[in-house]
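Trainee: Go by the hints and put chains B and C onto chain A.
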Amino acid sequence: MKYQVNFFVNEEPVELYVDANKTMLTVLREELDLTGAKEGCGAGECGACTVIMDGKPVNACLVLAPELDGKHITTVEGLADRKGNLSPLQEAFIKHAALQCGFCTPGFLMTATALLKENPHPTRDEIKAGISGNLCRCTGYKRIIEAIEDVAAHTEGGERK
Amino acid sequence: MKQFNYLAPKSLPEALAFLAEHGDSAVVFNGGTDVVVRLRDNLIAPEYVIDIKKIPGLDTITFDEKTGLTIGACVTMNEIGANEFVQKYYPYLGKAALSVGSKQVRNRATCIGNIVNASPLADTGTPLLANDAVILAEGPEGKREIPIREFFIFVRKTALKKDEIVTAIRVPYHAGSEGVYTKISRRREVDLSTVCATVVRDGDDWRIAFGSVAPTPLRLVKTEELLRGKKLDGALIEQAAELAKTEVAPIDDVRASKEYRVTIVGLIVKRSLEALAK
Amino acid sequence: MRTVGTTIDRVDGVKKVTGQAKYVDDIRMSRMLYAQVKRSPYAHAKILSIDTSEAEKLPGVKSVITGDYYKKRGGLYLEDKNFLAVGTAKYRGEAVAAVAAETLDIAKAAVELIKVEYEELPAVTNPVEGMKPDAPLIHPDLGTYKVAPIFHPVPGTNISHHYKLRKGDVDKGFAEADYVAEHTFYIPHVQHVPIEPHVAVAQYEADGKLTVWASCQSPFAVRQALATSFDIPLNKVRVISPYVGGGFGSKAGTTLEGIVIPLSMLNCGRPVKMTYTREEEFEDAYVRQGVYATLKTGVRKSDGKILAQKIEYVWDGGAYTEYGVNIVKAAGIACPGPYDIDNIWCDSYCVYTNHPVGGPYRGFGMCEIHFAIEQNLDMIAHEIGMSEVDIRRVNGLRAGGATATGQILEDCGYQDCLETVVKELEYDKPCEQVAPNLIRAKGIAGGWKSPSQPTDVASAAIIRMNEDGTFMLMTSGQDIGQGSDTVLTQIAAEVLDIDPSKITIRTGDTDHTPYEWQTVASRTTYCAGNAVKLAAEDAKNEILELAQIKFGCSKRDLELKDGYVVHKIHKDKKVPLSTFALGLTLPDASGIHGPLIGKGSFVVPNNVGYDQETGQSPKPVAFWTVGVNGAEVEVNTDTGEIRVLKMISCFDPGKVINPALYDAQVEGAMVQALGTALFEELMLKDGRILNRNFVDYKIPTADDMPELTVRVAEHEEPTGPYGARGIGEPVMVPGAPAIANAVANAIGCRFFRMPIRADDVLKALKEKKAQ
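Which chain is which? The protein sequence lines are A, B and C, in order.
Residue numbers for the first sequence follow this note's numbering, so the first one is 1 and each next one is one higher.
Residue numbers for the second sequence follow this note's numbering, so the first one is 162 and each next one is one higher.
Residue numbers for the third sequence follow this note's numbering, so the first one is 440 and each next one is one higher.
Treat each hint with caution, since some may be false.
If you want the footprint, here are the derived chain A segments under chain B, 3+ residues with CB under 8 Å [unchecked claim]:
{"hint": "1", "segment": "15–25"}
{"hint": "2", "segment": "35–44"}
{"hint": "3", "segment": "60–67"}
Subject to a maximum C-alpha distance of 35 Å in a straight line, what follows is the list of computed DSBU-like cross-link-like pairs (lysine-lysine) [claimed, not checked]:
{"hint": "4", "chain 1": "C", "residue 1": "461", "chain 2": "A", "residue 2": "2"}
{"hint": "5", "chain 1": "C", "residue 1": "1085", "chain 2": "A", "residue 2": "117"}
{"hint": "6", "chain 1": "C", "residue 1": "1085", "chain 2": "A", "residue 2": "95"}
{"hint": "7", "chain 1": "A", "residue 1": "56", "chain 2": "C", "residue 2": "1085"}
{"hint": "8", "chain 1": "A", "residue 1": "71", "chain 2": "B", "residue 2": "249"}
{"hint": "9", "chain 1": "B", "residue 1": "249", "chain 2": "A", "residue 2": "117"}
{"hint": "10", "chain 1": "B", "residue 1": "318", "chain 2": "A", "residue 2": "2"}
{"hint": "11", "chain 1": "B", "residue 1": "318", "chain 2": "C", "residue 2": "547"}
{"hint": "12", "chain 1": "C", "residue 1": "461", "chain 2": "B", "residue 2": "163"}
{"hint": "13", "chain 1": "B", "residue 1": "256", "chain 2": "A", "residue 2": "161"}
{"hint": "14", "chain 1": "C", "residue 1": "1208", "chain 2": "B", "residue 2": "439"}
{"hint": "15", "chain 1": "C", "residue 1": "547", "chain 2": "B", "residue 2": "323"}
Keep in mind the hints are simulated off the structure, nothing from the lab.
Being a predicted model, the structure only gives us computed values, none of them experimental.
Just so it is clear, CB atoms sit at the ideal spot from N, CA and C, and this is done for glycine as well.
Isolated chain A, as found in the complex (with noise of 0.2 Å):
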């Protein structure tokens, strides 16, 4: 059987008809092909599947695909405007080179994003412990954590002053 589920991803409505026994990602990904958010556990360990979520940064590979219906989704995709000029996290991630395969990219830039928008000028621990439900292998997450700081420093919640 088929929901019939109406939501919003990156601001444009989307009306589709879902499997059940999906989850938002595989929605994301197969159906809308928004590859941007990734799937590297699919168990809510990783986070590399992080997307916002009726503001709130959750793992798309533990939501249920009914579930979508009425929900405002935002994606790495959504980042960016149409024209592609970058937010500044993204701007700060490429600056501080705090990205290496790049994999779990997406999921870190969601999160952060998120994180600076409920707390524009968190302390370095509060990134620490806002940021640990996402595993990067390659950063060793210095420069992630300082992009983020190099931005809190300079935005109001992640938005250009």
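Mentor: Structure of chains B and C alone, referenced to chain A:
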């Protein structure tokens, strides 16, 4: 993940009616952080998944001194951690809630889900157990209140009937009581408890609850008895810590040895009592 | 220099932060099929029968294959494996059958319908036991396997390679020593844990062309392995490696490519995809081999000089060691660490076990052996009453020193690195009791690594000038996150004296980008870098050849400057590079030369093999990268918890091409090392992995990150591009032993096994107290 039917009832009676009809082949679905993983791993393969998040009124936390704290079934861990009453009257419960999983998981995971799962190491189990919380369930025969001590039966087994839904948990209020929550885990962030515990002092009364040291979260009744009404001093604390170790029955697993857990039980009792003695 | 030695933004940054970088699992093709595999539930079992009939009947199932499909064994150095088990299943989780179906759900359902009958066989779950003559044989036909001549299997045993190193006279050395100690360490299996699991798509078309999209480090090595296994000429196999979500060695060989290919051949024209789950990644991608390391050391007490060392490494190679044998060799060549010892006897054994398949992991054996080497050094220092620093000052390599194979090093940065770390860490300050239950202490460890590659492996690069004077650079050195696309671009930009933004780099397509042996061994900056430098120099020379006609002067009077050819003396005489993009147009309107293309081919100069009996060679490797780590830890003596507060790295990278990317590599390596020191172990019981997910296999989070400091001691590598040598793996090597040494310094307990868990700390403290 096998196929199943997804139901999202808009009222409690509707949900209970579904459950009455399909109780044997249905799973109640809340934050999903546990259920989705179990579905994915084919550990469960229900015909119906009943999402209770669309039922109004289950997503609030209320507090008054007479009733205590009432946590609705769909309140998330992060909401508990951020709640003003929790922070003011049950800070250790907030700490426990915020020790669960990651930020992302806590935006979905609920305390009630944590309790209904009945994992021996449920992080929010011990603060509730140490406060003699009451599980509010509703079924075809009406409402039922289950003391948390009677709720946990074994690993992933509770006193909840197949046709019942937990609507809330009530945590009694004891003016002036204080508590300490401790979680020992391999990794500080995003890990399961190797041992978790809550020690509450309520006047001369002590309530001590441990997780991950027995098939269910456990109250250390003998240790509580030993401490009741006595003035705390170093010798008594040592004695309590030693007694506590005899009340637990942990196992060896991939997270730690039995021996380690027993040692940590003594340590947590000691540290918590010292902290609360001040 | 213009760009070498300066930080520029990663050339792949924008694609990666926008989610526009396409990894293999992001590729969606029309009419794609999905593959799944049936896995063995036994560590060692004879396959009596496989019944695929029910699976084949399931609607939507297109093909089911078993080991029968594979006619030939394959393998990089030792041809000992098939992509699906043939005859016996040799480890738990080994693929025994595979399905291709219209959807992933159907493929999964079909796998459940495959019935396999097994007869369980006795399993080997410990390499030391496995070496014994009466151990069950895992590969009874080992003697008939095809093997590269530098490897020495022992037929009739489970030993797939015995590497021997015999330098000097150990008996004499031990006789002269006045202190002799022997210590044994065990390093368990760990896993790479790239955040992107393994994934591949294969499409076979009616004209006989096979295209494979794989998340792999080495498209050419994969192409070779697949062409051999499936008997296809190389011009009919195309391997494409797009963005790779981390490798760390695990994506160096071939894994599931060999499963999707036959399925695509059975469904001509239809692409077949398979993506590992995290659980499959743990059980069926490479693991880092476990090893028992025994070091017997003879020392002159008066000055701490090591006079002799007898070393035995017994490696738990797992069920197939086609790649593992080379790790065992690498460990043998590097056996004593970066120390100048005259008399060495080393045996390094690769042993088959019924464990997951061992393969290359960042460090290629070095992280494992240095956990033993560096703790052993500290223990000896303590036993003879010497400081941990002084024993390294005395024995550590310096210019003119000799390696274990007898190679004389013309230069060596080890001593500089040691002094830098000692100073930065304030190593001389004693350990501190910061609370009744909290002790802080410091530890140091050295390390080295060379590229463990055959002596004659090759790299190529091509650079083409576009009509507007911008360039297309092509190599097949893969950027798996380490930043090689950026560094290789910088090298080419330096030669051509243009801004790096004028160059677009393309890699990873065996039909279009030129040959590269592999992206492993920390060789890309060095080998691919040299090829790129040669290609850019070739292009530069072509430009100057044409320019001298244009300018009417000798090319030695001309230079490239910021996108122009400029006369060295008459600076106002200049023309843009684009003038020569399509050759040169002469005054009579005729053209000469045609489009400008530079090419570069590179093999390591003067690399020679080693003697098979003694392991001796004047230059068996391209270079040695050496360095030192320091760590400060805080141990909680109540709970046993260890927090690493600080880590410092100083290595000799030759020449840093991009400082930010260098630091980033080192930081990542230190935290990865921290993970292995404190958390990580693939817990195996009777061949079963007890923690095959992130719930119970913990890698460090941001919260575990210590304060990280990165320093360098640059001693240029004469054969490296601009003096650079490889660093990606070496910089991980000393991390874990530095932490272990710090823990030992804190609580006076030595840990002969990693990881050092809270549980182990409390146990050790209890035992110490009881003594």
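Trainee: Looking back at the hints listed earlier, which ones does the structure fail to meet?
Mentor: Violated hints: none; all satisfied.
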